[in-house]
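Based on the sequences and whatever the hints tell you, model everything.
The numbers in the sequence shown follow our numbering, run straight up by one, and end at 118.
I should point out that these hints are in silico values taken from the structure, not numbers from a laboratory.
Glycine included, each C-beta is placed from N, C-alpha and C at the ideal position.
The reader is advised that the hints may include incorrect statements.
[Said to hold, decoys possible] Simulated pairs of lysine-lysine, DSSO-like, Cα-Cα distance not exceeding 30 Å:
#, residue 1, residue 2
1, K86, K11
2, K86, K101
3, K101, K62
[To be verified] Here are the simulated distance ranges between beta carbons:
#, residue 1, residue 2, range
4, S114, L20, 46 to 52 Å
5, D53, Q19, 48 to 54 Å
6, N10, A104, 32 to 38 Å
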Amino acid sequence: MGSAPNGLEIRGVEAAANYYFNKFSSQRDAQLEYISNIIIFQIILGILAFIILFWGHRLLSNLMDNNELSGVIKWIAFTPLLSNIIAIQQILFISIGKSRIIAVRNVLISLLKLLAVLISVYLTNSIVTI
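Structure, rendered in structure tokens:
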């Protein structure tokens, strides 16, 4: 749900961030201006997606005929903003040759996600929890 708005526009914005970052590598001011505008654009889109999902949480939970989803949808509302900013930062880290940082960060996040799944399955004694 939170990933749908994210997937619609982030791919082109990632490419734009990479293009402008590398195109203006010799012009630091222009480079910072383009990247700042792209990040601000992503923040605005993330906030709009958050507002739409947060205000529409009851409608969505009624649509899915599950009132317990209302609280979960509020948390999901944060994901477009975070996902977009992380995706752009990954592209910029790779552009400056710091891909090892991204690889280590992604491994740590994956391990934390796995740990969260294992803990939730252990506490509830059900794989359906996921």
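A quick look at each hint next to the structure:
no., hint, in the structure
1, K86 x K11, "holds, 18 Å"
2, K86 x K101, "holds, 23 Å"
3, K101 x K62, "holds, 19 Å"
4, S114 x L20: 46 to 52 Å, "holds, 50 Å"
5, D53 x Q19: 48 to 54 Å, "holds, 50 Å"
6, N10 x A104: 32 to 38 Å, "holds, 36 Å"
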